[in-house]
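K.L.:
One-letter residues, chain by chain:
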Amino acid sequence: MRIGKALLYTILVLYAIVTMIPFLWALSSSFKTLEEIVSGSIRFIPENFTLDNYKQIFIEQELFPRWFMNSVIIAVTVTILNLMFNSMAGYALARLHFRGKQTIFMIILAVLMIPAQVTMIPNYLILKQLGWLNSYQGMIVPAMINATFIFMMRQFFINFPKELEEAAALDGLSRIGTFFRIVLPLARPALAAQAIFVFMGSWNDFMRPLIILSDPNLFTLPLGLNSFKGQYISYWNYIMAASMVFTMPVLLIYAFFNRYFIKGISFTGGK
Amino acid sequence: MFSRKRWKEAGTAYTLLSPTLFVLLLFVIGPILFAIYLSFHKVQLLGGASFQFVGFDNFTRILDDTRAKIALWNTAKYVAIVVPTQTMLALVLAATLNAGLKGEKFFRIVYFLPTLTSSAVLTLIFMWMYNQNGLVNHVLAFFGLPTYNWLGDPSVALNAIMIMNIWSTAPFFMVIYLAALQDIPDSLYEAAELDGANAWHKFWYVTVPYLRPVTSFVVIMGLIGTFQLFDQSYIFSGGSGGPNNATLTVVLLIYQYAFKSLGTMGYAAALAFALAIVILLATWLQRKFSKEESLY
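First to last, the protein sequences are chains A and B. Our numbering puts the first residue of the first sequence at 1, with every later residue one more than the last. Our numbering puts the first residue of the second sequence at 1001, with every later residue one more than the last.
The hints are simulated quantities; they were obtained by calculation from the structure and are not laboratory data. Idealized CB from N, CA, C, for every residue including glycine. It is possible that some hints are incorrect.
[Unchecked claim] Which residues of chain A face chain B? A partial, calculated answer using Cβ under 10 Å: (1) ILE21; (2) MET69; (3) ILE73; (4) MET88; (5) ILE114; (6) ASN123; (7) ILE150; (8) PRO222.
Could you build the full structure based on these sequences and the hints that come with them?
P.N.:
As structure tokens, this is what we get:
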């Protein structure tokens, strides 16, 4: 039994090391001088610890703050709209009776099966026609609902106690009033999990901005990082510093809300 | 039948559904129909857009396209190695974490880090580690193992992406397994113990069969994700799929034909449909063989 436990701990610790090393290595490289980077040293503690890289990236590439803002604006708007619209759709599909309900629900399920590559080319042409390439709305509007989370919210509202809504109806609240004042506030755990995933998806998205945005002023962080890498390909100290700066916000969110992450995943895992 | 109350309820429902229906029509259903149209046309995007009907040419062209074959082969290899490996790794990690050891929470938080980090950042970190004079080669040399030109050698470049992505996606699926493991009733293990089962027997004869539906879900999610490999290949190769097409995936090829060369947008749409069919077939086969009712 004790040998078994030791073995389990060995697996856990080894895998924790395997997980941490790339991050620690990137962090340590971001504090190194270019000479140390070029020398191919494998010390995890920098020989000449320096903060210059963090200053220098903002001088070399003055668009970094701009990219950061773009990512924040797009990710926050997409998240807020998704929370509203997915819950509204999920509630209608779970609780209301109307013609066409089954059809709409089947379409949403079918959408889950269709790979994004099929719609990516026509979407580009549609956005082009609307004049929405290189714009925030081009990034936001097509992403403001999500079939997975509509489905998840529907499952959530199906199990929601009916009595609360009936009481609200007796008090003279309309269906929509009940939804916004009574139901939505009680759906907070499901909304928190959803918010995190939608935000992360938008924050980390690479392909859609790559297609929709070509003006460097409108780049999001992943695109900006990629183009920065193209310009400074052997300056790994800069690239790692930039990577670290832009990973921090997500890690901070995670530090505070990590229980919702786990909950959210088990949610999407068909529970 | 058509009472006012029912009309009112339908009105409420459609009001609540209106943003969803708007996006579905304009950016999902419309585009699917448009994609079908595109796949039968030669599309020119100089100035305005012009469409010339070409019948099945775009589909038959796939069969003669050497790069399409390479992309399909690379993608298939990638799927065949990454999906089973990440699924097994996720299961082993979840079972280890679930053994009731102290510090479970700490390990869970650490393991989850790669899932949070953007694919762009992870790819850049790994490109730096895969550098010829980089950390990975130093570690390999330390253990007396052969070193590689990970980014430049066509025979290993795709493996480099596989290793990175197994590392970064396994923890996500581990959390799904973990949630399911916590639902396994203790009585099952107690019964097995009475029958004289050791730890390994319990894992193999109780845990694994109990988790079958979850495994099915994890494999399907894995299939869908791996068939669509794009970000990592794009960043690794600067968009080219190199060295020597070694990291060219189907989605990268679709991207190149659609947006980086002239007059091949219709062909790219046809390729996208071919990919969609391959993914549907793969998930359907998986379901058929796992013989479990779906989770959706």
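K.L.:
The structure should be examined with respect to each hint, and the outcome stated for every one.
P.N.:
Status of each hint after checking the structure:
no., hint, in the structure
1, ILE21, "8 Å, holds"
2, MET69, "17 Å, violated"
3, ILE73, "17 Å, violated"
4, MET88, "4 Å, holds"
5, ILE114, "7 Å, holds"
6, ASN123, "5 Å, holds"
7, ILE150, "7 Å, holds"
8, PRO222, "4 Å, holds"
Consistency with the previously given hints fails for numbers 2, 3, ordered from lowest to highest.
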